[in-house]
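Q: The lines below spell out each chain.
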Amino acid sequence: MKSKRFFAILGAAALVLAACSSNTGASGSASGGGTAKPYIPIVSKGFQHQFWQAVKKGAEQEAAKENVTVNFEGPASESQVDQQMDMLQAEYDKHPAAVCFAALDSKAAIPLLQKFKDAKIPVIGFDSGVDSDIPVTTAATDNIAAAGQAADKLAEAIGGSGKVGLIVHDQTSRTGIDRRDGFLKEMKAKYPNIQIIGPQYGGGDQLKSADLAKAMIQANPDIKGFFGANEGSAIGVINAVKELNKSGKIAVVGYDSGQAQIDAINSGLMLGAITQNPIGIGEQCVKAAVKAIKGESQPKTIDTGFFWYDKSNINDPQIQAVLYK
Amino acid sequence: MAFSLGRFGRPGALVRSDAIQRFLAFGALILIIVFFSIASPEFRQFDNAIGILIATAVVGVLALGETFVIITAGIDLSIGTVMTLSAVMTGVVVTNLGMPLPVGILAGIGTGGVVGLGNGLLVARLKLPPFIATLGTLNVARGLALVISGLAPIYFTSSPEFNNAFMGSLLGSIIPGFDIPNIVLVMFGAAIVAALVLGKTILGRYTYALGSNEEAARLSGVNVDAWKAGVYALGGLFAGLGGVMIAARVNSAQPSLGFGYELEAISAVVIGGTSLSGGEGSILGTVIGAFIISTLTNGLRIMSVPQEWQTVVTGVVVIFAVYLDILRRREQL
Numbered sequence: 001m002k003s004k005r006f007f008a009i010l011g012a013a014a015l016v017l018a019a020c021s022s023n024t025g026a027s028g029s030a031s032g033g034g035t036a037k038p039y040i041p042i043v044s045k046g047f048q049h050q051f052w053q054a055v056k057k058g059a060e061q062e063a064a065k066e067n068v069t070v071n072f073e074g075p076a077s078e079s080q081v082d083q084q085m086d087m088l089q090a091e092y093d094k095h096p097a098a099v100c101f102a103a104l105d106s107k108a109a110i111p112l113l114q115k116f117k118d119a120k121i122p123v124i125g126f127d128s129g130v131d132s133d134i135p136v137t138t139a140a141t142d143n144i145a146a147a148g149q150a151a152d153k154l155a156e157a158i159g160g161s162g163k164v165g166l167i168v169h170d171q172t173s174r175t176g177i178d179r180r181d182g183f184l185k186e187m188k189a190k191y192p193n194i195q196i197i198g199p200q201y202g203g204g205d206q207l208k209s210a211d212l213a214k215a216m217i218q219a220n221p222d223i224k225g226f227f228g229a230n231e232g233s234a235i236g237v238i239n240a241v242k243e244l245n246k247s248g249k250i251a252v253v254g255y256d257s258g259q260a261q262i263d264a265i266n267s268g269l270m271l272g273a274i275t276q277n278p279i280g281i282g283e284q285c286v287k288a289a290v291k292a293i294k295g296e297s298q299p300k301t302i303d304t305g306f307f308w309y310d311k312s313n314i315n316d317p318q319i320q321a322v323l324y325k
Numbered sequence: 001m002a003f004s005l006g007r008f009g010r011p012g013a014l015v016r017s018d019a020i021q022r023f024l025a026f027g028a029l030i031l032i033i034v035f036f037s038i039a040s041p042e043f044r045q046f047d048n049a050i051g052i053l054i055a056t057a058v059v060g061v062l063a064l065g066e067t068f069v070i071i072t073a074g075i076d077l078s079i080g081t082v083m084t085l086s087a088v089m090t091g092v093v094v095t096n097l098g099m100p101l102p103v104g105i106l107a108g109i110g111t112g113g114v115v116g117l118g119n120g121l122l123v124a125r126l127k128l129p130p131f132i133a134t135l136g137t138l139n140v141a142r143g144l145a146l147v148i149s150g151l152a153p154i155y156f157t158s159s160p161e162f163n164n165a166f167m168g169s170l171l172g173s174i175i176p177g178f179d180i181p182n183i184v185l186v187m188f189g190a191a192i193v194a195a196l197v198l199g200k201t202i203l204g205r206y207t208y209a210l211g212s213n214e215e216a217a218r219l220s221g222v223n224v225d226a227w228k229a230g231v232y233a234l235g236g237l238f239a240g241l242g243g244v245m246i247a248a249r250v251n252s253a254q255p256s257l258g259f260g261y262e263l264e265a266i267s268a269v270v271i272g273g274t275s276l277s278g279g280e281g282s283i284l285g286t287v288i289g290a291f292i293i294s295t296l297t298n299g300l301r302i303m304s305v306p307q308e309w310q311t312v313v314t315g316v317v318v319i320f321a322v323y324l325d326i327l328r329r330r331e332q333l
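One line per chain: the protein sequences are A and B, in this order.
Reminder that position 68 of the first sequence reads as 68 in our numbering, one-by-one numbering, no gaps.
Reminder that position 72 of the second sequence reads as 72 in our numbering, one-by-one numbering, no gaps.
Don't read these hints as lab results, they were simulated from the structure.
Among the hints, a few may not be true.
[Stated by the list, open to error] Listed below are the simulated SDA-like cross-link pairs for lysine to any residue, each with C-alpha atoms no more than 20 Å apart in a straight line:
id, chain 1, residue 1, chain 2, residue 2
1, A, K107, B, N164
2, A, K115, B, I180
3, A, K107, B, S159
4, A, K37, A, I293
5, A, K107, B, T95
[Stated by the list, open to error] Have a look at the derived ranges for each label pair, beta carbon to beta carbon:
id, chain 1, residue 1, chain 2, residue 2, range
6, A, W308, B, T157, 36 to 46 Å
7, B, K127, A, A215, 33 to 43 Å
8, A, E296, B, R44, 26 to 36 Å
9, A, N220, B, D179, 50 to 60 Å
10, A, Q320, B, V34, 43 to 53 Å
Think of the CB as a built atom: it goes at the ideal place given N, C-alpha and C, for glycine as much as any other residue.
Bound conformation, chain B alone (with noise of 0.2 Å):
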């Protein structure tokens, strides 16, 4: 699946240079996964497989919706606390008032929506750069998250179903063994989702052309303004989803939990080989990003290797794949 998906990418000339970075980046996902299971025969168990998957889906899907904003050479800090937003929302739908599971989790998709849709406002009518109109919203859904919330975390008691919908195993009741969680599922569904939104939509493409260049897309009658908000909405559905995955997992709805998590996004989109400089990147890049990061967390954990030590290691991944990034770009010209 993984390469089918890749072809999605990006059309045009510079689909060679992009497999190369993807094959750099699945490379050292090897290398690591090589690496921690000569290491340690703990890594190695299914269990801690799963550990991985579990770990990686709800950053993953951030990251998602980062891959877009980011693509179009803009930027959204505002997704771990938009997520934030968007859990307490579900709580609040679903244990205060009462109202059934799937309106809640529409409610938290929705409202990651809604506040995107802001995002985009501001950037694309407002002028402002989206460094600081993300980093304000950062803070405003942060400050809405603790205000809804009543400053306490909202339990999911009352709808045990809901944990179970995402930490429960459909996978394991096909397959006895196979207990991969469904919260895993549904971070590869949404790639899958934003892959073909990506690459075969014309959301897509004029995300790529607002990042390659806005100026012209715009003289060629493209609607900049629109499609750019657009991409905004989008990143925010992507929070939300991430939101409600991670309301689920915890099973309930944090609202101090999340701030940070924009940053981690960030980084998997980045060691996909997306370029902040906008107009090139995939999805399949940043689910192997998103992976990246969870992988060698996990890796240096079960190492025991000190914390302070894991976020060194974690901060120079990061210097070196946007270093290669560079690199590539050099070759090619």
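Excised from the complex, chain A in its bound form (with noise of 0.2 Å):
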């Protein structure tokens, strides 16, 4: 019969099964009973991104120190709203001790959310908060303060008049609104003789982010400066800026790390980049969430911090602490 062929096939494909899931068979199994280390899984944005990577190993570190089991995953996009609510659900059916969640919408997960809160299960806020009492606490950068530096250095470098560009990554999530507006409130309130050119979003992609600044560059041949709100617009800037033969010319500030923008501030292509500290991020949300399993009071927000980081510090051990290649 050559119909077996087909379940050959089949039980081919439940080996690779198998094969995968005994994989991590350890770590699946210690979410279960109330023996086991208390099970933590952290729900992010994404996984891919060196910033996220950065995360997960602060949060590894600070789960091995506390004796608890992490489980780190977020969506393959930061658009997909609905991929990470099918996360946090799968991850309430494991009935873990606390949970430690960056909210890809502010508003969307709460339902799911109030899950967890009726089954007593702490909610643990990172990165993006939620519009909502229900998280413990949230420990996330002041994101507001940090583009406000950025416009700061920005400023000085330029000598507080001229035009500069603003590139966010986007319009809908808590970071892209808050730097944004960090950035141009502390503009116009300090340095009225600056003009801002945009906001334009790139959606944190390195290539849009270049064609919308090449754009910029090309309609004010006078511009100055440039803010990039993530490392994608960052990096997008400073590719612009190369491809136009500009360097030395347009003051370029960016945000968060990475090797492109280490590379470029090395080079004096780049002035200078606010980075946040996200080995701290992933730290302070597993602390918070063991303190809150325990029953600790905690404040409502917790503020994991950021540095301005140039030339002139870049290996400084502080600072080479808190970048990520």
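Two chains, two frames, a set of hints: combine them into the complex.
A: Right, dumping it as structure tokens:
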């Protein structure tokens, strides 16, 4: 019978499945009973970006210290709100001791978070908050203050007057809104002679952001500076400046780190950037989750801090510790 | 219900081979369920089963429409972002214009139908290859969704009954504890409608005819262009319904959510045994295909398999499914 082959293939499929799951069987089984280590899933906004990998690293370091099990996950793209809800639901079904959550949408997941609350599972926010009082606390960067400092540094570099361009990753996420508004507010309040071009939105995509920046430079040849509000936006600006041979004529301020920005700062193409403390975000959210499990009280927000770094301090140990490549 | 629906799948001699494929897909689904049930006690919970059902609903509905298009030997790459555009349209009508909810729902579904008809005209009248035509529409819909929404999510805060209508549970209020959300019933309802259209109507019959031998259909006097446009319009209507469903689920119209969902829907269709070369396929197969993907994703998630590996496994399953289909075809000869 030829149809034997079907079953051979089905069997092979089953083996692949079995192989995959035995890989991680240990962490999977730890999620269940009460005798094992407390299980804390970390539902993030993504897992591929270097930034999230750094958050993951921090969370895993802290988990080892606190003797808890964590599982870091996030949707493939930062627009997949429903995928993130599916993840949250699956984690709920694993009966975790607590959950850490970075919301893609500040409202969409609230009914699900309510389920966690009803089941007395503490919810810890990180990176991006939720418009609700369900999270016990939220560990995040003060993006408004951080973008304000970026504005100060950029204004200082161009002598307090002239045109500067603003490229932001998106208009819908908390970080996009806060960094844009923090930058604009600071510029408006302190530097009346600076004219802002934009904001334009490049989706955090390097190519798109580069195209936007090029168009802005071409339309405003006298532009003196740029702020790229996340890693992809900043790299896009760097590439645009490089491709148009404007290196040294345009001051570029970025956000976060990554090899491309680090190289650009070292080579002088970029003035400097704001770095968050992604490892610290990971550590703080796990720490807060452990505290919440023990029933300790905590402040509603945990400021995980940010740093300005440029050529002068990029090699300081304190800065090196929070940069990722 | 499953197998009685299957009878509508395909008239004539191919019923038997279709049945084999359906059995294989169904067998694979059972295998996956059994495997995860043994491996993980968390997987076996009723609450998790509901999670799987909810996760299947939207992509399942997208896949229903895609099934028709693929049976005609076409492809519709735009359904993911047409879904987005429809969700945004519902948001604009309900939240921004303050119109009643049913109007918003109809506007969402209608938007999908209009874009689908547009696809149909591009393919049937202007003779653009479906891949290119719908790739174009994908971007048009994606861009329009951003434009119309003003680049920000539209929330249904003033109409909480929208989320309730889909995420509440009619069944749960009749049978206590049986809290299957209405969005799941909507998917099954849509699947029954799709199966009836495909199995019992002229549109269904011509869908198969277009895919088996378009020239023969034309020569026997079928208005091929009109029916083809109709199939794409139908696909668009399902995408529109998907848009309404996802908007209700996330209680907001997210203008950048949806790109990539077309590929998940196409995977579901293909796993379900519908042939990309047209002329063959069934709604039941598609529903099973959609469940295979969502159950697999859920199970791997529950087992805490690293995400990068989850993606690999899903890809491998699609390849297996298509290879099985090829093997089966070879055996028929």
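Q: Indicate, hint by hint, whether the structure satisfies it.
A: The hints, checked one at a time:
{"no.": "1", "hint": "A:K107 with B:N164", "in the structure": "holds, 15 Å"}
{"no.": "2", "hint": "A:K115 with B:I180", "in the structure": "holds, 16 Å"}
{"no.": "3", "hint": "A:K107 with B:S159", "in the structure": "holds, 14 Å"}
{"no.": "4", "hint": "A:K37 with A:I293", "in the structure": "holds, 12 Å"}
{"no.": "5", "hint": "A:K107 with B:T95", "in the structure": "holds, 15 Å"}
{"no.": "6", "hint": "A:W308 with B:T157: 36 to 46 Å", "in the structure": "holds, 38 Å"}
{"no.": "7", "hint": "B:K127 with A:A215: 33 to 43 Å", "in the structure": "holds, 35 Å"}
{"no.": "8", "hint": "A:E296 with B:R44: 26 to 36 Å", "in the structure": "holds, 34 Å"}
{"no.": "9", "hint": "A:N220 with B:D179: 50 to 60 Å", "in the structure": "holds, 57 Å"}
{"no.": "10", "hint": "A:Q320 with B:V34: 43 to 53 Å", "in the structure": "holds, 51 Å"}
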